[in-house]
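Listed here are the chains, written in short residue letters.
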Amino acid sequence: MKQNLRTLFLFSFLLLAVQFSFAQEKEISGIVTSQLDGSPIPGVNVLVKGTANGTLTDSGGNYSLTVNVGDVLSFSYLGMKTLEITVQDSNVINVQLEEDSQQLDAVIVTALGIKKSRKSLTYAAQDVDAEELSRIKQTNPVNSLSGKVSGLSITRSASGAGGSVKVVLRGNSSLGNNQPLYVIDGIPLLNPSGGQPSDTFGDINGGNRDGGDALSLLNPDDIESLTVLKGASASALYGSAGLNGVILITTKRGRSGGFKVDFSTNLTVDTAAYFMDFNGETEANIDDFYDSGLTNINSLTISGGNETAQTYFSYGNTNVTGILPTNTLTQHTFNVRETAQLFNDKLSISANILASTQKIKNRPVSGLYFNPLVGVYGFQSDTESLSDYRDFEAYDSARNIQAQRWFRATSDIEQNPYWILNRNASEDNNKKLVTSLNLKYQFNDWLSLQARGTYDKSILDFEKKIYATTEATLAPENGRYINTNQDFTQVFGDVIATLTPQINDDFTLSAIVGASTTRNRTELFTADSGTNGGLQFANVFSFQNFEGNPQVTFVQNSYRTQVYSLFSSATIGYKDQVYFDVTARNDWSSTLPKENNSFFYPSFGVTGILSELFDLGDGVSFAKIRTSYAEVGNGFGPDLIARNRSIIFGGGGISPTEPINPFPGTLPEPERQRSFEIGTEWRFNNGKYGFELGYYRTSTINQYFTVNVAAGAGTSGQANINSGDILNKGFEATVFANPIENDNFKWRTTVNFASNKNEILKLIDSSIEGVETLANFPISDPGVNTFGSFLVEGGAFGDIYAQVVARDENGLPIVDTTDGIAIQQQDNDDRVPALEKVGNANPDFTLGWNNSFTYKNFTLDFLIDGKFGGETVSMTEAIVEGLSNNSARETNNGTVNIVSPDGVPSTLTAQEYYSAVGGRNGFTGEYVYSATNVRLAEFALGYNFNLSDDSFFSSIKASLVGNNLFFFYKDAPHDPNISLSTGNALQGVDVLGLPSTRSLGLNINLTF
Amino acid sequence: MKNISKLLACFFVLGIVGNSCSDLEDINDNPRDITQEQLEVDFQQVGSKYKPIFESIYQYTPAWSYQLQQNLNADVYSGYMTNPRPFVAGANNTTYNLVSGWNDFIWSVPYNNVMNNVKTISDLTENDFPTLYATALILKVEAMHRVSDVFGPIIYTSFGDLENVGEYDSQQEAYDAFFTDLDIAVENLMADIDSERFTAFDLSYGGNYRQWVKAANSLRLRLAIRISKVDPVKAKLEGEKALAQPLGLMVTNDDSFFVNSSLSHPLATIDNSWGDIRMNASMESILTGYNDARISSYFDESIDYAGEHKGIRNGLPLLPGYEDELAQKADYIGFSTLNESVKTPSVQLMTAAEVYFLKAEAALRGWTGAGDAQSNYEQGIITSFDQRGASGAATYIADNTSTPADYVDPVTPSNNIAALSNVTVAWNAGDTNEVKLEKIITQKWIAMFPEGQEAWSEFRRTGYPRIFPVVSNQSAGAIDTDIQIRRIPFVDSELSTNATGVANAVSLLGGPDNGGTRVWWDTGGPNF
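These protein sequence lines map, in sequence, to chains D and S.
1 is the number of the first residue of the first sequence in this note's numbering; add one for each residue after it.
1 is the number of the first residue of the second sequence in this note's numbering; add one for each residue after it.
Among the hints, a few may not be true.
Unchecked claim - Some, not all, of what chain S presents toward chain D, calculated at C-beta under 10 Å:
#  : residue
1  : Arg32
2  : Gln44
3  : Ser48
4  : Lys51
5  : Thr61
6  : Val109
7  : Asp161
8  : Val165
9  : Arg222
10 : Asp255
11 : Phe258
12 : Ser262
13 : Thr269
14 : Ala330
15 : Asp331
16 : Ser496
What the hints assert, rightly or not - Per the computed footprint, the stretches of chain S lying under chain D, defined by three or more beta-carbons under 8 Å from a beta-carbon of chain D, are:
#  : stretch
17 : 112-126
18 : 147-159
19 : 353-363
Think of the hints as simulated: they come from the structure by calculation, not from any bench.
All C-beta atoms, glycine included, are put in the ideal place defined by N, C-alpha and C.
Please work from the sequences and hints to get the whole structure.
So this is what it looks like as structure tokens:
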């Protein structure tokens, strides 16, 4: 870290020493292009500020003008932000204009990279500026979206730096994947999950770990802008991949005219901030255990070029030391993009290579297995402190080995935390490579043809070395070695013809016809000497040291899928007053049986521009109403119609059971999602303030359930059937205002609101003989613990079930104290045995309030992010109270009023009561908290340095930044915005997850 | 039309990415798995299905699955072993608080791993390879009579019949079907007795069909004896058929039915790694009382009580004074572990010694061909001693004074209990048939160790040996402490997938679906 800062300062001084100046009249020329995609913009007004001297760009975006050095040139175009540039010594000034989403006629990138005027959209879409993503940098740039887009819910992973992120648009609908599709520059990004935990107990094969995603491997400084397509209407052209909405990312490209260099560095200090109340000694142990984290994100971009060819290059690196001792992350990201316009700008070429590597040591886990926090939070001693066990091993003469030491016998869930960190250590090595090529040929003013292809690879490697004398449940006597390799490849190609024929003055038509192919290949390799298989020699971590028996896991798997698609869309406009949108797509998917592998789905939408159709008065600058309907089909995962048996390593033969197949006699059909939305958009006083309001209703049917089937059916106990109907409906609203806007002071404020209501209308079709009549479908199976999440008919996605204490009519817990302390259990809901519904992990509504102030050279930005409603369970608290007397309330001499089964009131000490209700399988219903929280999510105070015109730097900006600074309101002991899993399971629960952090730091941006 | 569109799509994108437009159908198949075509080499499409059958009758792996399939029910109810840790705070199977989540494995393991593979083999072999079909049938009967003995009615004759999904047979119908299947098996094997077709796939007899016929005959005798009280006529008919079959029964220990896998014995993991199973107090009482030399090949001496073999009483609750399960386990984990010799990778399903004891009982019942009761009884003991490498069988057989010992629990004296039987080892021709039967079954019980499933069945049928009752009975009146547990209720996975079938099965059972209801062959009446 020190090294980086020193280099930065040295570099700065060298550059400041160089200065230039000049003054003369001359002829200049240049080309004006769109920053969105680099295409030339005809008709841009180029004007010398304060004079009538000006011109318009031609059809190729070219202009020329006679000016004086020192003149300020103004480039303005409807729908674009006006750009001002001071003339210096160069005779060529090429500029790129940025879309202005505030402007009524702004252009927006839609599905497949098709640009449309924002006003013609028949569905909801929302933009986020690059600055919003890079102002306060996070190691996973998608985390920065929280609160900035209505209807988009972000849940951060509890796995620290480099963790994956859970993004849900308009509610959960799928038993499988609910994450949106990410599209970079028009091409779908392969964003595989390296696996997510699903069990509160923890995964015995290495702990509850976050397998990572591709998004954490992106450099936030490469992002130019980001558009969120919220519903299926917007994303129908992406087919099944776009079922859950689409996040379109437009990356930066080279600009013509001179080279531009940007450098930014971001350094934050992270502290463990939000966790339960412990007693004094434990607090001291915890303070001593957690480190101060440091996050350093550096980024250097160089861009430039001429009219024909432009280059963009970026390098980013991230170095993190986590709050968990020994946890570190090192990441490097390279991005190179070449763009060129040839043959009189008829042919545009863009080629891109993105490569990243990421190394994470000891990525934090949750749950009970391999989790150092069990020992940290549960440590109890009158004579020793936790730091006495930093020496985590001692010589054992019987085996001639360094053996684990701990204050009591280790158990499957509890070991010396320092032993876990040093002798059960893990390392993740992740790599991402995306290469893409985009060719576009403009035949004439109404026809263009575009062809794109990408080769996209993600490699996620994991290694864990578990030394001998680790607890016997987790590793045999000689230790254990786990090594997994996940290699994902996606090859995508499409061809799109765009037609914009001139019809007449009243009607406009824009249509596309295209075809695409997507081929995915996944290679998985898992080697695990296992809990019984074993190693031949202690503490040698290699495959040749594996015992050769079937208890050893040594498995390769290979999955391939192929989807072919034909699609088409048309937008018909009438007098800029009404737009009609229609799309159609047909997929052929290898993941369905050939009888059913072709499926078609359409979407329709219509928009009326009220402010064009009617005279709404001067105050209304723009008003529209829109509605759309879409249907999307989905072809499931690759293993749905698997037919082959697996082979078991070490002489194990074939798997004893049949692969899980469609229920005998049934044929799988594609999953279907049907969505309807309606919305309106109003702007007043020339866009000084305005709002958008939308309502949607989405039902997802024909999902694939793996269910138990009667033993007599002749399968191996399980089969797949099509069933289910899950409904999501909700409102989305965005209100913005620019209350103050003058030369010195600007204030811009935006509020994003979204509510979603989810309902399980139908679960399993029980009319099929031999298929389980399923009262519930587990999303988080409680296993031997007592937190679960289940789908039940009439319930909702994210419903939380816990073991609940029976209470009398006064709400007093019923406890039988005749023989020890026997807490009585309530069990009214027979759809989920032994557990009761205690809440739902999802909020009722979310509010994000984003503010941006500019006063002279100062900028102040802050985001208040609120989630209202929903519940969360602290199994951490339950476990601590069951395992020890370390919670604050167990040792504060408090009492709890109880009542006997016969109704006789009495009291228990708090310690007696909470020790009895605690535990991983205790009365988790006592640990339910409201998930409602309002926090200062982001804060940035910046200063733009005044630079003389001849300074080598074109801009220097320094900011004080803070992230997750404090909660205005929070009920839960933990941060309810982080989750143990970014999949569907383990929502609304904390099981010894790493506490969320508060970050404060400095951000410096230099442009020269 | 569809195909034309697809071709068009293919053609359209071919140029860019060079993907082939091969048929979509096979793309999904995981090439690391084995296809049907690949299995056909060396006839593995049939052969490879035997291994999971062999290894799941008494499941090898994962060990926790065996623990739930048998170890925490029949192995404990038989008086062979018990758990030092009072799982679920003492409210578990062993204290008659039946844990339905555990007991599902008694059902699901044989259905998912045996029945489905037998069906696949049967479909492929019934017409073309009758001897392979025969071995599959014998394995099926061996696996499924155990399941029927646990539950009563089971799904057997309608398995895989999609017209009658989940239709249960009564236990009587199931036993009839077992005998019929054994008829077919023996007939098919006898027709091609020297064939070596099974050699590559046989984990028991190296492909020797003569041994398979002996095993089938012995199994038939076991099943015939089982129904001897409820249906003496059928029992005698089937028993005499077994005794008269030309290739005979198991005679020497080499004839015994073991599964020889390369996998480790599940008891090794449960006993050694987890410390979850120990010697049962009934075993201690009978083996030490008789000064039985086999004790040291069954159990190790206690590490806490040097020089002693120490067992634990059945059905321990979370005893007063213990904070939790682990604290109680800490005091009992030092009792006798199972000896390595019963934890070798071979799993014992039926021994020659058992067959001698079956013949001894058949003789008592007057079945033709059974021979003399005493000589069968004594040969059973000798064969068992031989199998265990124990010496002193002759002295043991002659011992007419030693009786089972009183049991002392050095940790919790309230568990102490006096021996329940006063029979000795030595045969006395003047004894009543009842006393003779107690001796036969007691000795068979010792010989069959550690196969708790058969031991529990025979205890229920005859009441022998006299096993100590549970310390804590948490069945809420469903199970009588002295009569002890008679069966396991139908499992949750069946209730949720096949409620109608289970309802019919309960009516076939003829009593409430709990652990106190007797199965068909368990008449509760006198043995003679």
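Hint check results:
Evaluation of the Arg32/S hint against chain D yields a held restraint, the C-beta minimum of about 5 Å falling below 10 Å. The closest approach between the C-beta of Gln44/S and any C-beta of chain D is roughly 8 Å, which is under the 10 Å cut-off, so the hint is satisfied. Because the closest C-beta pair between Ser48/S and chain D is about 5 Å apart, less than 10 Å, the hint holds. The restraint placing Lys51/S at the interface with chain D holds, with a minimum CB-CB distance near 4 Å, inside the 10 Å limit.
Proximity of Thr61/S to chain D holds as hinted, the smallest CB-CB distance being about 7 Å (cut-off 10 Å). Because the closest C-beta pair between Val109/S and chain D is about 9 Å apart, less than 10 Å, the hint holds. A cut of 10 Å between beta carbons decides the hint on Asp161/S: the least distance to chain D is about 7 Å, and the hint holds. A cut of 10 Å between beta carbons decides the hint on Val165/S: the least distance to chain D is about 4 Å, and the hint holds.
Taken as an interface hint, Arg222/S does not check out: its beta carbon lies about 24 Å from the nearest beta carbon of chain D, beyond 10 Å. This hint is violated: Asp255/S has a C-beta 26 Å from the nearest C-beta of chain D, more than the 10 Å allowed. With 10 Å as the threshold, the beta carbon of Phe258/S stays out of range of chain D, its nearest partner Cβ sitting at about 18 Å, so the hint is violated. Nearest Cβ of chain D to the Cβ of Ser262/S: about 5 Å, under the 10 Å cut. The hint holds.
The criterion of a C-beta within 10 Å of any C-beta in chain D is met by Thr269/S, whose closest approach is roughly 6 Å, and the hint holds. Hint on Ala330/S holds. Least Cβ distance to chain D is approximately 9 Å, under the 10 Å limit. At a threshold of 10 Å, the smallest CB-CB gap from Asp331/S to chain D is about 14 Å, leaving the interface hint violated. Hint status for Ser496/S relative to chain D: holds, with the closest Cβ pair at about 5 Å, below 10 Å.
Closer than 8 Å: that is the beta-carbon criterion, and the stretch 112-126 of chain S has 6 residues meeting it against chain D, so the requirement of 3 holds. Only residues whose beta carbon comes within less than 8 Å of a beta carbon in chain D count, and the stretch 147-159 of chain S has 3; three or more means the coverage holds. With 0 residues bearing a CB less than 8 Å from a CB of chain D, the stretch 353-363 of chain S misses the requirement of three and the coverage assertion fails.
Figure legend: structure checked against the earlier numbered hints; hints not met, in rising order: 9, 10, 11, 15 and 19.
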